[in-house]
Amino acid sequence: MTKKMFASDNNSGIHPSIFEALLEANDGHAPAYGDDAFTLNVASKFHEHFGEESDVLFVFNGTGANVVGLKAMVRSHQAIICTEGAHINADEGGAAEGFIGGKLLTVPSADGKLTVPQIEQQLAHIGSQHRSQPKAISISQCTELGTVYTIDEIKELTSFAHANGLYVHMDGARISNAAAFLGCTFKEMTTDAGIDMLSFGGTKNGLMIGEALVCLRKEFSSELKYIRKQGMQLGSKMRFISAQFERLLTDNLWLENATQANRMALRLAEGLQKLPGITLMQPVESNAVFASVPVEQIQQLQKFYAFALWNSDKNEIRLVTSFDTTVEDVDLFLATVQKVFV
Numbered sequence: 000m001t002k003k004m005f006a007s008d009n010n011s012g013i014h015p016s017i018f019e020a021l022l023e024a025n026d027g028h029a030p031a032y033g034d035d036a037f038t039l040n041v042a043s044k045f046h047e048h049f050g051e052e053s054d055v056l057f058v059f060n061g062t063g064a065n066v067v068g069l070k071a072m073v074r075s076h077q078a079i080i081c082t083e084g085a086h087i088n089a090d091e092g093g094a095a096e097g098f099i100g101g102k103l104l105t106v107p108s109a110d111g112k113l114t115v116p117q118i119e120q121q122l123a124h125i126g127s128q129h130r131s132q133p134k135a136i137s138i139s140q141c142t143e144l145g146t147v148y149t150i151d152e153i154k155e156l157t158s159f160a161h162a163n164g165l166y167v168h169m170d171g172a173r174i175s176n177a178a179a180f181l182g183c184t185f186k187e188m189t190t191d192a193g194i195d196m197l198s199f200g201g202t203k204n205g206l207m208i209g210e211a212l213v214c215l216r217k218e219f220s221s222e223l224k225y226i227r228k229q230g231m232q233l234g235s236k237m238r239f240i241s242a243q244f245e246r247l248l249t250d251n252l253w254l255e256n257a258t259q260a261n262r263m264a265l266r267l268a269e270g271l272q273k274l275p276g277i278t279l280m281q282p283v284e285s286n287a288v289f290a291s292v293p294v295e296q297i298q299q300l301q302k303f304y305a306f307a308l309w310n311s312d313k314n315e316i317r318l319v320t321s322f323d324t325t326v327e328d329v330d331l332f333l334a335t336v337q338k339v340f341v
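Sequential numbering from 0 applies to the sequence shown in numbering that gives the first Met the number 0.
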């Protein structure tokens, strides 16, 4: 087994229980394109976690979930308000604007969060035929900086958005980590808080492949399957995605995995804080640690470990833990850091 790295939770393996679910789904033949028993039955799991009115569709990846969900809500002459660091803006190769045809209206954010005043500033030109018309906001939970919106913060955003005719999309690639941190249910953080459309992450929390698009506003449900097909996100052997989500949402496996990742991030942060010259740049609220490290030490550490150099101007690195990160993995990394600082 190779040494664990801290570059991304995408680098982690597959949870053994998820692997078992894949093997079970591989028994014989099954109808394609979502007409299999696994896909039909897993809807009840999502109803348990998001309410009876929720509808779920499976896609291959997070970018697919985001752009399919947003296209259902936004037309080409309209716009989506998000932070500059939002995944849909910074890490999806222009997929949102390319697929939807609309525009992203971005705002700066020191902690990764979108605020009501920032949204309000983008509404000044509503009604002007010369400007893209804001129609949705997109927030990430957890944010790209590892921070977590409280339920009250989400409700404040959704209440303002809906009062101004805007829909609310949540990029939940790491939503399990957020729920674990807040100690709340998915429903409390999404359906009950006013979210209209959710990208529900699985790959970063133990799945091999696949994300779920959870529609929480019925008026969009009927169009999603057509948009998914047009967006090349309809899997023929869908049972292999559905079976993974069924297992993930059974017996709180999602919570077990996310809690382990979060705990390891905290352990990592606590160890780093004890070393001179290292400063945490964000509160550790999920499975990511952002720290400023002297440039000489960064270069030395990169000889032993893979991690992201997040902001070179601030010598800021990002370290990400996973469901399969262990105490031994963290302590081995910290021991390496200590040697580098000697």
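Since the hints were made in silico from the structure, they are not lab data. All figures in this text were calculated on a predicted structure; none of them were measured in a lab. Where hints are given, some of them may not hold.
Unchecked claim - Derived lysine-lysine pairs resembling DSSO-like cross-links, with alpha carbons at most 30 Å apart:
#1 K102 with K273
#2 K134 with K224
#3 K236 with K154
#4 K228 with K273
#5 K302 with K313
#6 K44 with K273
#7 K134 with K112
#8 K186 with K154
#9 K134 with K186
#10 K186 with K112
#11 K186 with K44
#12 K154 with K102
#13 K302 with K338
#14 K273 with K338
#15 K2 with K313
#16 K224 with K273
#17 K228 with K134
#18 K186 with K217
Check: Which numbered hints are broken by the structure, listed smallest first?
Finding: Of the numbered hints, 1, 3, 4, 6, 16 do not hold.
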